Amino acid sequence: MNLYEQQAANRRRTWAIMIAFVAVLLLLGAGFDAFFVGAAGGSVPIGTIAALTGGTISALASYYNGDRAVLASTAATPIEELTAEAADDDKVKLRQLENVVDEMAIAAGLPRPRVYVVPDPDPNAFATGRGPEHSSIAVTRGLLDTLNREELQGVVAHEMSHIKNLDIRVMTVVAAMVGTIALLSDWAWRGMRWGGGSRGRDDGRGTGPAAIVFLVIWLIAIVLAPLVAQVLAMMVSRRREYLADASGAELTRNPIGLARALEKIEGVTGPTRAMKRGSAHLCITDPLGRQMNVREGHWAELFASHPPMAARIAALKGMAYEN
Amino acid sequence: MTGLILLVIVGLIIVWVIAGYNRLIGMKNQVLNGWRQIDVQLKRRHDLIPNLVNAVRGSMDFERDTLTAVMEARAKALTATGPADAAQKEGQLSLALGRLLAVAENYPTLKSNDNVKMLQEELSGTENKVGFARQFYNDIATKFNTAQQVFPTNLFAGALGFKPAELFEITDAADREVPTVDLSRRGTA
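Protein chains in written order, with my numbering: chain C, 1 to 323; chain W, 1 to 189.
With the rest of the complex left out, here is chain C (with noise of 0.2 angstroms):
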């Protein structure tokens, strides 16, 4: 798979997440509809609309607020703030990651994306926003005091892929949706609750084997909706930190710099405390510091947010050694 087909494939992964939640709004609403505002005698459909109207105004508004999130979350401040107040010979750090992030625009012919650093001692980065127009890079504290400037280019590079590939858009979609759906199947998980002692008395509608099936479908959806997003988020994360690392080497055209970059990263497997758990599958290596990570199987391709390390270092240098 190629850059192109990548992005052609986001799209349609981002058309296709999007019809997939407004499914999953329509089953809670319905299901509400169904079993508290239909028993209760009345004919509007509150629940349906109150989800359609809710989840949409909800993820829209973490669509375009995502990125800040994200970024408020880890801490992130940006560079000419650091720079404002940095003394002589960090100033001359924080202008090599500005000059790196100018290089890899310029060699994926991007617009300069906004650049941010972590307070974090652990060497990691990620990248967010809605598209190349909207883009962030942030780094870690650790990054920057561990890796070179050849290094640094190749994560860089890595991050300016995924920012081309458009996969920090599906990113931000997905965890848009992911946050409503938790919220709402919580809400609808509440009101079931507190409706479920008034179905006793009203017992009209809602309870022929058909209704029973549906209720328990509904259930196991409230429950099962924020793990299956979170999984089907790991899923698409994984394949594309090889893509990532495949497109950042030819925006570099030196995989070595990466793969060292990857080996002092792995070097230091403590956890990156500034990076949430939401944000996990964003970052460069997992920020968790999972062993599910390093392994190879079944269980951990499901649920690891990243490939292992060893076979990321592997692959870039095969490239290496094949030029």
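Read the hints as simulated data drawn from the structure, not as lab findings.
Check each hint, because a few of them may be wrong.
[Said to hold, decoys possible] Derived pair list, reagent style SDA-like, types lysine to any residue, alpha-carbon separation capped at 20 angstroms:
no., chain 1, residue 1, chain 2, residue 2
1, C, 93, W, 121
2, C, 91, W, 163
3, W, 117, C, 146
4, W, 143, W, 20
5, W, 117, C, 102
6, C, 317, C, 217
7, C, 93, W, 48
8, C, 93, W, 122
9, C, 91, W, 124
10, C, 264, C, 308
11, C, 91, W, 122
12, W, 163, W, 51
13, W, 28, W, 117
14, C, 93, C, 260
15, W, 117, C, 119
16, C, 93, W, 155
17, C, 91, W, 143
18, W, 143, W, 155
19, W, 143, C, 4
20, W, 143, C, 253
21, C, 91, W, 23
[To be verified] Rough simulated footprint, nothing fancy, chain W against chain C, three-plus residues with beta-carbon under 8 angstroms:
no., region
22, 66-75
23, 105-114
[What the hints assert, rightly or not] Some, not all, of what chain W presents toward chain C, calculated at C-beta under 10 angstroms:
no., residue
24, 29
25, 30
26, 33
27, 34
28, 37
29, 41
30, 91
31, 115
32, 117
33, 118
34, 120
35, 121
36, 122
37, 126
38, 136
From a predicted model like this one, the values you see are computed outputs, not experimental measurements.
A virtual CB, placed ideally from N, CA and C, is assigned to each residue, including glycine.
Let chain C serve as the given structure and place chain W on it in line with the hints.
Frame of chain C, contents of chain W only:
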């Protein structure tokens, strides 16, 4: 009936030529934009060099030849016209700068000076930006040229006034010459 079929075929050909023309125009503009990017980066480099030379002049006075070579190469690069000429002259400038940076490694006072470090970072940044702008330009220029040369687009590309874009590459053998740097004092630096 035959007339209708002929009309449809002619219509299809016209639509196809229009589509091909528009695609080539789009690529041509990308190529021009890519070239402007190189130009921006080259200007940045030309502006930066006098600062660098002044910053290191005090400590590197007896490397006068290296410094003069840089300033001369810069003066020549300013007069360049067109991708091929610019590529050749900028290549010379890159070599001169590379030599200066390598020689500067021999001066511990320069290496520990934050101002000089900043200038060196700016210079490597600019060198890289020139390089990546060139890489991007050459990639899209090659795509543009290939699009013109493949059958059947080649049937009308020339007639519609499309010319292959010049690549920005170092063609002169002398430009590929590796700079000779005296590394004997590196151990003490």
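Each hint, compared with the structure:
no., hint, verdict
1, C/93 to W/121, "holds, 9 angstroms"
2, C/91 to W/163, "violated, 46 angstroms"
3, W/117 to C/146, "holds, 18 angstroms"
4, W/143 to W/20, "holds, 14 angstroms"
5, W/117 to C/102, "holds, 19 angstroms"
6, C/317 to C/217, "violated, 48 angstroms"
7, C/93 to W/48, "holds, 19 angstroms"
8, C/93 to W/122, "holds, 11 angstroms"
9, C/91 to W/124, "holds, 15 angstroms"
10, C/264 to C/308, "holds, 15 angstroms"
11, C/91 to W/122, "holds, 12 angstroms"
12, W/163 to W/51, "violated, 40 angstroms"
13, W/28 to W/117, "violated, 40 angstroms"
14, C/93 to C/260, "holds, 19 angstroms"
15, W/117 to C/119, "violated, 24 angstroms"
16, C/93 to W/155, "violated, 53 angstroms"
17, C/91 to W/143, "violated, 39 angstroms"
18, W/143 to W/155, "holds, 17 angstroms"
19, W/143 to C/4, "holds, 14 angstroms"
20, W/143 to C/253, "holds, 18 angstroms"
21, C/91 to W/23, "violated, 45 angstroms"
22, 66-75, "violated (count 0)"
23, 105-114, "holds (count 4)"
24, 29, "violated, 13 angstroms"
25, 30, "holds, 8 angstroms"
26, 33, "holds, 8 angstroms"
27, 34, "holds, 7 angstroms"
28, 37, "holds, 6 angstroms"
29, 41, "holds, 7 angstroms"
30, 91, "violated, 18 angstroms"
31, 115, "holds, 8 angstroms"
32, 117, "holds, 5 angstroms"
33, 118, "holds, 5 angstroms"
34, 120, "holds, 9 angstroms"
35, 121, "holds, 5 angstroms"
36, 122, "holds, 7 angstroms"
37, 126, "holds, 8 angstroms"
38, 136, "holds, 5 angstroms"
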